[in-house]
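S.K.: Make the full structure from the sequences, and use the hints.
1 is the number of the first residue of the sequence shown in our numbering; add one for each residue after it.
Derived CB-CB ranges, DEER-like:
{"no.": "1", "residue 1": "237", "residue 2": "527", "range": "15 to 23 Å"}
{"no.": "2", "residue 1": "326", "residue 2": "482", "range": "38 to 46 Å"}
{"no.": "3", "residue 1": "388", "residue 2": "590", "range": "17 to 25 Å"}
{"no.": "4", "residue 1": "306", "residue 2": "363", "range": "22 to 30 Å"}
{"no.": "5", "residue 1": "363", "residue 2": "216", "range": "22 to 30 Å"}
{"no.": "6", "residue 1": "103", "residue 2": "326", "range": "21 to 29 Å"}
{"no.": "7", "residue 1": "633", "residue 2": "248", "range": "50 to 58 Å"}
These aren't lab readings, by the way, just hints derived from the structure by calculation.
The structure presented is a predicted model; accordingly, all values stated were derived computationally and were not measured.
Glycine is no exception: its CB is placed at the ideal position from the N, C-alpha and C atoms.
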Amino acid sequence: MRNRGKQLKQDVTMDVVSEAGSMAGRRCSGLSALQVVLIVLLIIMTVVCVSLIVVLVTRKTDTDPAPLGEPYLIGVGRADCTGPPAEIPLMGYANPQQTAAGIHTRLYSRAFIIDDGSRRVVFVTADVGMISQRLRLEVLQVLKEKYGNLYRQDNVVLSGTHTHCGPAGYFQYTLFMITSKGYIKASIEPLVNGIVKSIDIAHSTMQPGRIYRNRGELDESSLNRSPHSYLNNPENERQRYKSNTDKQVLVLKFTDLDGDGIGMISWFAVHAVSMNDTNRMVSSDNMGYASYLLEKDKNPGELPGQGGFVAGFSSSNLGDVTPNTRGPRCVNTGLPCDYLNSSCPVGGTKMCQASGPGEDMFDSTKIIGHNIYMKAKELYANAVEEVTGPIQAAHQWVNMTDVTVKINDTHTVSTCKPALGHSFAAGTTDGGGGLNFTQGAVEGDPFWDGIRDILLGKPSNQTKECHHPKPILFSTGEMNSPLPWHPQIVDVQIITIGSVAVIAVPGEMTTMSGRRLRKVVKEELESVGTFRNTEVVIAGLSNIYTHYITTYEEYQVQRYEGASTIYGPHTLTAYLHKYRELAKAIAQDRVSGLPVGPEPPFFTNNLFNLLAPAAVDRKPENTSFGDVLEQVLPLYRQIIWGVPGLGAAGAVAPTGVGLWMLPG
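M.R.: Structure representation (structure tokens):
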């Protein structure tokens, strides 16, 4: 362009000079000296002006910014999914004493729909402990009834923030029903309705817009709660990273075509357990508080849960990551806990508790939530890298009890039927178990094994060998009464939005597991040149819950996370294999050829509910909850008077002011 501009300048200049010179030669004999000087000046000015114009035109062309990509259609929506705030178990700590008794913050589902003109995807982050298979299946069923084949299992991702303070009872597998006191319709219906409504709102508000991405690091808001397990990973692998937790925060900024913000999704790896297991109020915890703060910023004058801007904060590979940044100590002595098994000399694991940065759990929730909010707000404000390109989605159902992976020419490894180890019962430093179990157990306990054998039956030799070195406490894959205790069929899913790939992970990946998965997916997506500079992020607790996913090396230590890796030591290897296949199909544009896999069950019989009826909440005959007992009047008059030290009816009032509301 610059060469063409230079040639244009030379050609124009020569033409002007030649023509002017010819005219001057013809007329010079009849002109005065002053006129000749003026003509020469005119010629010079013309040449200079033409040269400047050419230079400006060519310079502008060279420095123009790259054109914006094609806009997406974008919709955002938010809906309440709080559920019953009383007498229902809270989901997360598996503490039978932790039943709801009020509301700290309401719970919301936040939905984001992105469409490139030929394909669309839906991402939902909901204030729940995790997405259960039953919850996902019921949501997809309602979406199919409303929208036909528009929203399906392959293009809808449902992710939980992992709050441990939401109503339980939305599972269909026996182990979860036992800890939740059953399958509770009063819990699952508000979740289904809230998630669907958030998608409805996003669907109805779709408009042309743009997406920008940004990432940064957030310090002093997370801590690895199983550093001993992390140190068992290869040293050369650990040296690639400066921390034993992932500090990065990824933000997607959604705007309309005028550049006005309409929404944001942020991912950060930390457990939503700032509210501890003594809490009995429904709460969205630190992630929900971050959403509240950013939505308050972007929706001035609106009440919480209202306003057009939707801020979703999503979980990631948080398996070994706690927000309790002061770390664990023995609460009865103030001394450090045992490093290897997180227990105390007196009181065992129950006394070894981690605490957050605040004065109490409410303060810690605010501090960690505020930290997450501030980093997301900063990244959102400075997000200028536009996300462009087509949308794609790949999904399969996989029988995770029967995955075989060839790791080299001579060796293959396989997954196992589900089982939980002894350290599962020890809990974590965020919420320890009440019995004499400890983390890091690689041998069984004869007492507890004997009770298990009598009540539940012995694990088979095949299962014990498959899970080695895990000492099995519950062989859940061999327990099917009244329904299977754990799932076999699991969702694996990736959605790509231009240069951003979101991996929907059905559980809690540890820090290093997540790093390995992101690396594999990024390499596969970029292997054929279809993707470049790809941002890969893990959306944890998505679509179905399968406990934890550790690395093979972390599994050997058998802390809580390893004991809760239910498909055995090669669980991560199997997931890496399956997600690699999805990424390859996306990169090669052959998603349509992927096998769907075995469809998961939808149980209708043998679902049980162990909750006793709430007698005080029963309504009178021939009435419904929500009926108006006495209608308000259309107009009232407000009367305020001041009586020093007295309020209405002579009662002492702190302000010395009385107030009456009278019919108008």
